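Undergrad: Protein sequences appear in the order of chains R and E. Heads up: the first sequence begins at 686 in the numbering used here, then just goes up one per residue. Heads up: the second sequence begins at 10 in the numbering used here, then just goes up one per residue.
Just so you know, these hints were derived from the structure itself, not from any lab. Source: prediction; values computed, not measured. Please note that a few of the clues may not be correct.
[Unchecked claim] Label pairs and their computed distance ranges (CB to CB): (1) E:G132 - R:V817: 26 to 32 Å; (2) E:E188 - R:G881: 33 to 39 Å; (3) R:M855 - E:D265: 46 to 52 Å.
The beta-carbon is built from N, C-alpha and C at its ideal position, and this holds for glycine as well.
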Amino acid sequence: MTVYTLKIDGRDVAGSEGQSIMDVAEENGIDIPGLCHLPGIHDRGACRLCVVKIGGSPRLAAACVTRIAEGMDVVAHDEELEEYRRAATEMMFLERNHVCAVCVANNHCELQELSADLGMTHFELPRISPTVDVDLSHKLFGLDHNRCILCLRCVRVCDEIEGAHVWDVMHRGLETRIQADMGVDWGDSATCTSCGKCVQVCPTGALFEKGRPVAAGTRDERPFLPWLRVHQEERGL
Amino acid sequence: MSQTIVIDPVTRIEGHSKITIQLDDRGEVVDAQFHVTQFRGFERITQGRPVHEMPALMARICGICPVSHLIASAKAVDDIMAVEPTPTGADLRRVMNLGQIVQSNALSFFHLSSPDLLFGFDGDPAQRNILGVAAANPQLARDGIGLRKWGQQIIEWLGGKRIHPEGIVPGGVAFRLTEEVRDRILAGVPEALAATERAIAWYKSDMLRWEEEATTLGNFRSAFMALVDRQGNVDHYGGWIKVIDADGHALADPIDPKHFNDYIGEAVEPWSYLKSTFWKPMGYPDGIYRVGPLARLNVAEKTGTPRADEELEKFRWRVGRVASSSFHYHYARLIDTLHAIEKIELLLRGPEITGPHTRSTAGINRNEGIGVSEAPRGTLMHHYKVDDDGLVEWVNLVIATGHNNMAMNRAVLQVARHYVKGDRLEESMLNRVESVIRCYDPCLSCSTHALGQMAIKIDLLAPDGRVLSQLAR
């Protein structure tokens with residue numbers, strides 16, 4: 686396997702051919718934020734929080750879906766990138782209705798943690814405040830579109846790990862929603878195995894266990910799906 | 010020429026309001042209205058939310074009494090799930106609720122009302138606040154601050170934080186009490202009891218000064234409503250709704266709280282966002298009644314704890330079996346606090362209080378649920394309807410201050426008639442109109458104005474809206 690050497694934020698690092706910038710950064714303890722990225726399932730570069738600058742390229746690149754190359758000079762952190770990330774995070778909040786104080790994921794939420802890390806103290810853009818549905822039809826779980834950031838981790842984990850492919854995406858732009866089967870209520874899905882993997886990987890409180898009170902997310906109670914990592918290694922990702 | 014006096018805003022109460030006093034051509038008071046000028050909309054904004062979120066959403070109504078709303082809301086969801094909380098869960102809810110009663114009563118008596126009692130209603134407004142109390146009677150201020158702190162600490166130690174705690178959930182509580190926390194709370198009991206008894210002794214020694222106020226501040230005959238337990242004693246958490254008339258006779262058999270709608274109606278007036286509740290058998294507006302600490306003592310046979318019962322006996326000896334003056338809310342609030350502290354100790358010494366079974370679980374088994382408890386200011390009712398999946402479709406909240414709305418209006422009118430003479434706007438009148446409202450400790454939303462530094466402004470208006478004169482503090 687070919688080994689490439691490259692620089693990330695001025696540090697000399699090395700990685701194997703086929704690895705993403707994100708993978709190599711993780712291996713070397715360089716933190717690049719990302720909400721759609723989850724080790725063990727395919728990356729899709731959706732959230733744009735992992736954007737980095739690559740020397741010689743006029744465009745920003747998503748670190749999770751950009752393969753490393755020999756001699757690459759990557760800037761993962763500077764003021765401009767932080768501002769882009771802050772703006773992208775702000776837009777995630779504004780597209781739906783996120784109210785941390787009364788959310789089941791309060792203090793267990795990756796979006797919340799990230800916004801705190803980025804120093805986001807207020808919104809500069811106007812809120813959209815859309816009216817969206819809450820689906821409590823499943824006997825165990827709930828889906829609150831108000832809190833969905835369309836990272837599509839649920840879509841991928843259901844397809845690639847559970848093999849059920851219950852979740853997919855419907856509509857476009859601001860109207861984009863995840864849907865069960867062909868747009869049925871979750872409780873009416875013929876394919877859902879009620880395994881709960883989608884709930885476990887949701888970075889916010891969009892997917893949750895029914896009956897859980899506010900701020901009682903499950904993420905801290907269980908080891909985080911260790912088989913995802915095993916699966917990744919088996920597939921040589 | 011008829012005139013209107015407006016007091017806006019009213020200070021040292023929870024929330025914002027104003028008072029309008031209407032004079033006739035001869036300068037006599039013909040009417041007075043207590044306006045609640047804020048709109049919150051919780052009954053609407055919670056529609057469509059999962060019902061399990063309701064306790065946490067409802068706690069946001071108020072930063073002073075989040076626990077009261079948590080309790081009533083969790084009980085309503087218990088009803089929808091058709092479960093009883095586990096005994097340990099119910100007792101831990103009770104402890105948190107009583108911690109809430111202690112801290113809120115302390116805020117009302119010491120921080121908001123004691124300045125009037127210490128310096129007199131005509132005292133210098135610059136001095137008439139808790140800082141003035143701290144300078145003139147440091148022990149009284151220390152006791153008040155200490156009691157409030159202890160009550161808040163109980164909420165924090167059990168529920169994770171002082172404001173909007175998270176421990177109370179449908180089915181019980183989401184935490185297990187450790188022996189360490191239990192002992193830490195119990196360690197504060199002796200000082201809390203001593204502080205309350207010092208305040209009661211001080212209040213009693215000074216009571217005769219307020220003979221005129223006791224006669225004129227909301228002194229009228231009305232019914233009273235509160236929750237009582239099986240023995241007819243004070244119950245802040247559950248039991249039955251009991252309503253008595255001004256002579257102490259029960260107006261109905263004890264009412265199952267789940268049937269409160271059969272007895273309590275709600276009227277809406279165009280000049281206030283606060284609904285007026287009334288006793289249905291007597292109709293609106295005749296079905297006036299009062300809730301809160303005074304009502305709890307008037308309605309109950311006893312408090313059920315020894316020290317508070319001893320004080321209750323003295324209370325009744327001084328003011329009668331059914332106290333009719335709203336001024337006695339202050340006195341009643343202290344005895345209510347004493348009972349709450351004793352009850353906290355009793356509950357915490359129970360053998361099961363640190364047990365592991367703190368929560369019952371269930372799905373949606375009914376489409377409608379009602380939860381009723383005693384908040385510091387009086388009986389609180391939450392009523393929800395949900396769809397088969399548990400999404401909230403309809404909410405109605407009957408809040409303690411709503412029960413007292415008609416009584417507050419009547420009290421303001423009584424005070425205005427006694428103290429407003431012609432078109433002279435005097436500070437003393439202003440103070441007493443405000444203080445009669447403060448007797449009820451109305452909670453109009455979620456903000457604290459503990460230091461009372463907001464300005465009071467009265468406008469004297471001609472019928473055409475011209476300002477004839479102004480008085481500002």
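Undergrad: Against this structure, judge whether each hint is valid.
TA: Status of the hints after comparison with the structure:
Judged by the Cβ atoms, the range 26 to 32 Å given for G132 of chain E and V817 of chain R is violated: they are separated by roughly 55 Å. Taking 33 to 39 Å as the suggested C-beta distance range, the pair E188 of chain E and G881 of chain R conforms, at roughly 35 Å. Here the CB-CB span from M855 of chain R to D265 of chain E is close to 48 Å, well matched to the stated 46 to 52 Å.
Figure legend: structure checked against the earlier numbered hints; the only hint not met is number 1.
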